[in-house]
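Residue numbers (this note's numbering), protein chains in the order written: chain R, 13 to 321; chain G, 103 to 232; chain H, 1242 to 1785.
Please note that a few of the clues may not be correct.
In silico DSBU-like pairs for lysine-lysine, Cα to Cα no more than 30 Å straight-line [to be verified]:
| id | chain 1 | residue 1 | chain 2 | residue 2 |
| --- | --- | --- | --- | --- |
| 1 | G | K204 | H | K1451 |
| 2 | R | K135 | G | K184 |
| 3 | H | K1681 | H | K1538 |
| 4 | R | K268 | R | K249 |
| 5 | G | K204 | R | K21 |
| 6 | H | K1497 | H | K1538 |
| 7 | G | K182 | R | K24 |
| 8 | R | K135 | G | K176 |
| 9 | H | K1723 | G | K176 |
| 10 | R | K21 | R | K33 |
| 11 | H | K1723 | R | K82 |
| 12 | G | K184 | R | K83 |
| 13 | R | K83 | G | K106 |
| 14 | R | K24 | G | K176 |
| 15 | G | K106 | H | K1641 |
It is worth saying that the hints were derived from the structure and are not from the lab.
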Amino acid sequence: MELLQRFLKGEKPAIARVITKIENGTDPKLLEDIFPHTGKAYYIGITGPPGAGKSSLVNAIVPKLLENNKKVGIIAVDPTSPFSGGALLGDRIRMNDLALNENVFIRSMATRGSLGGLATKTKDVALVLDAADMDYILIETVGVGQVELDIAQVCDTTVVVLVPESGDAIQAMKAGILEVADILVVNKGDRTGADRLILEMKFAFELRVHNTGWHYPILKTTAIENIGIDELVSTIKSHREYLEKSGELEIGRKKKLVIRVNELIEERIKTHLHDYVIDQKQLKKMIDKAYDRKITPHYITDEIAKKIF
Amino acid sequence: MEKKIRILIGKPGLDGHDRGAKVIAAALRDAGFEVIYTGLHQLSESIVEAAIQEDVDIIGLSILSGAHMTIFPKIIDLLKQKNAEHIIVIGGGIIPEEDIKKLIQMGVKRIFTPGAPTNEIVDYINSIIH
Amino acid sequence: MSKDIWKEKFSKLKERDINFSNLSKIKINPLYTPDDNKDFDYEKDLNYPGEYPYTRGVQPTMYRGRLWTMRQFSGFGTPKDTNNRYKYLLKHGQTGLSVAFDFPTLYGKDSDDPLAQGEVGKCGVAIDTLRDMEILFDGIPLEKISTSMTINPPAAMLLAMYIVVGEKQGVPKEVLTGTIQNDMLKEYQAQKTWIYPPEPSMRIITDILKYCSENVPKWNTISISGYHIREAGSTALQELAFTLANGYTYIDYGIKAGLPVDTFAPRLSFFFNSHLDFFEEIAKYRAARRIWAKLMKDKYHAQNPKSYLVRFHTQTAGCSLTAQQPENNIIRTAFQGLAAVLGGTQSLHTNSMDETYALPTEKAVKIALRTQQLIAYETGAANTIDPLGGSYYVEALTDKLEKLTFEYFDKIETLGGVVPAIEKGFFQREISRSAYEYQKSLEKKEKFHIGVNLFNEEEKNIDIELLKIPEEVEIDQKKSLKKVKKERNNSKVKETLIKLREAAENGENLMPRILDCVREYSTLGEMCGTLKEVFGVYKEPIIF
Ligand SMILES: Nc1nc2c(ncn2[C@@H]2O[C@H](COP(=O)(O)OP(=O)(O)O)[C@@H](O)[C@H]2O)c(=O)[nH]1
Ligand SMILES: [Mg+2]
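One chain only, chain R, in its complex shape:
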């Protein structure tokens, strides 16, 4: 198979094409072919509200990750317009410094209907970059302004980026933030309010301990001036070391596989139900009845369930 060979040789057009096929779901076998080559990369997630500086941070930390001839794959997710199904993907603008680097591969993805911070296929696309011999994979979430849980289900280290302007929102999101974050970053350190936010966060988070036993570091950065970047990168690296030494990396990755399998089962069941179990014509009739308040949605569900159980 020619594409796969070129892919395994690391040719960028081939990597790009494999991603497209995985993203479009046009070649399910491909994932099987590449899966044995995955598991080597370290996954880093960058999440946070829109405009927090996620892309700018990626642009700033990647040069550090590239040291010692390492390779970095970047996935930047932007929202699909619910009205047209189209998308405007602009994260590359911030990453122009990296565009021509041999050891960097950047791919923009549209959410295509997924409601979380990632596209449904982002996890699989990350596997593609993993198989393509990347040492690090960086995933930037959409940034919908809420906690995006799905990112932590893919990444080994998740960085939550906040900015002075997002101060108020933090209280509301507190619990959720701790669920996804391994490292907390206050970006736009040059803006007034940054230090106050750090203090507030220290107050709220510092005594908390992650269920892996890890203490949440709280860092300040100014992405556009490259300030605080060294520390962020070394903190990511020490988190990795911590996970590796404590065995939490393996535990975490196995957990992620369980989650993935569960997701796939759900997906499979749903498609199966839709395509084979539910008679759409009959369903439509029942819906009409439910609309006229003659039967209940629960009754319809029971009728369908009878076919399975």
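Starting from the known structure of chain R, arrange chains G and H with the ligands on it as the hints suggest.
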């Protein structure tokens, strides 16, 4: 999942007039395409590299600075060098008729001149991709 | 009484089935009457020309005293090519020069820079060093003309070159007259020719303000430009509001830098667009004068009446011209030029019909110049001051634009001022949205553009002559740059560049250092590159 048409909209060179490029980008999004926008002041090399990594079907370049006879051939050339000739190149801008003829001969698929309605561009893209 | 009768009759009759609104989406009534100017107070709202709040004009005499300056923007190819064009224009009655630079120059890049390839001399003249500037003004006595230079991030360098050319001609800098655009705020908002981030850009601008107020007192230091905001797709209202907001921001920064407002405010001038909606444009100029004067007096407490004045240059709207049926552009331009004159402009550029295709040919430029001469000498529009003053419609529109402008000021204020609003992408988003909506309204035929969506004709080859810039221009320009680099004293160049760097770091005024660099024939790219090392580069926010 169905295949989505992916298009890179690029502004090579130094002119900052991105009004047209942005209007087109928004219109293409509204027509259901995935549009990768690379921003202003891009080297031809960066545009081609981005197009390859994003596996786009089309590169659309907006050039209003008069540098079209330098930039289009360079892009076409780089695509050839990198085995990415399958990516279609189209363009828009203030480009005189006789230059358009030359560019088409060099391999640019289509040039839209100012005033072209966005739906004409959308229809054109649908017709060449499907 | 009788108005009700008319209303009654009107409502029974059929109106044309179109959306009666102007380009700022302000709804237009079928008729304006004294009712629309109810609170009107002649002395407070209009007053006499040359009197506060200057609604009717900035001078007492206006065109009865002197016509506007006819200033055609031009430049292309090598400095020699442009020098020839300038001599042609001066011979045909043009009264001021206006230099168009090519993109590499506008962006502070030398002609041999990789990003400059294919763009040298294309959309303007290429200037790399003082040598080019000497050629550009060869045989043109700087004490006799005023020169406007459309240049922004490298404005300090080009002004320095002009000053040194003056020195070499024996013209002291105190008598030089002209303008540099030097308006970085609208670059971040609309025109997008930037090098450094906003704060260092503002520092360079205040350095220029200070240097000029002491050394080049007749120079217009900033041309606060709505033109490009409009060309990027804004409405007339946005053009007006954003331009004035930018103007006040320069005032704020000047004051913050320790300059008394009356030492630099009189040297600020404005540059507006003249677009398709005739009356809206006229109202826009009138509102601009009144708003600016009010805040300069009430908020900034300027004492010198010159600080209150909106003196402005107008260019007809390039973006309103069509590639289709290009001869129609002559007519569009004539209406737009007339609107600018009825709005009291101080100088005017009328576009050439072929500008959507290329730089204009001599013939097209001549027609464009003749268009303004026609307005001046044939139409009678210049016979009386502010002929539309008192028109129910124009006064109501002027009031409306003023009111909506203050609403925009409030919004900008809420965002923390102009610079933070730029960082948040406010202006960029507003402008992009207007551009997109306008395009959509053309496609839905809610607005019309003849030859594009109305009365279109089968496309045929255009039969107007086009100016082509030969490829040799770039080659020649690179050759002459190489020659200058070889012949100059390179160790002196290095020395002056180091001094420039130090000044950038320690906050000393940059102008004297830039003048030293220029005298040694440092290139534009070298000077801007040096400052870039200290100031960093700007990255555009992602906004659609
Ligand atoms: N002042 C300041 N602005 C920043 C900083 N980091 C990013 N920005 C700006 O914030 C805006 C949004 O940044 P971006 O990286 O696109 O954010 P994202 O939406 O989270 O990916 C851009 O205009 C950046 O230039 C910072 O540290 N300080
Ligand atoms: Mg981003």
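Quick rundown of the hints versus the structure:
1. G/K204 <-> H/K1451: violated, 51 Å
2. R/K135 <-> G/K184: Distance of about 28 Å is within 30 Å: holds.
3. H/K1681 <-> H/K1538: Violated - the C-alpha atoms of H/K1538 and H/K1681 are around 41 Å apart, more than 30 Å.
4. R/K268 <-> R/K249: holds, 20 Å
5. G/K204 <-> R/K21: With Cα atoms ~37 Å apart, G/K204 and R/K21 exceed 30 Å; violated.
6. H/K1497 <-> H/K1538: With Cα atoms ~18 Å apart, H/K1497 and H/K1538 stay inside 30 Å; holds.
7. G/K182 <-> R/K24: holds, 14 Å
8. R/K135 <-> G/K176: violated, 36 Å
9. H/K1723 <-> G/K176: Distance ~24 Å between H/K1723 and G/K176 Cα, so the pair holds.
10. R/K21 <-> R/K33: holds, 18 Å
11. H/K1723 <-> R/K82: Given that 30 Å is the threshold and the Cα spacing comes to 40 Å, the pair is violated.
12. G/K184 <-> R/K83: holds, 20 Å
13. R/K83 <-> G/K106: holds, 28 Å
14. R/K24 <-> G/K176: holds, 20 Å
15. G/K106 <-> H/K1641: Not satisfied, since the Cα-Cα distance of roughly 46 Å exceeds 30 Å.
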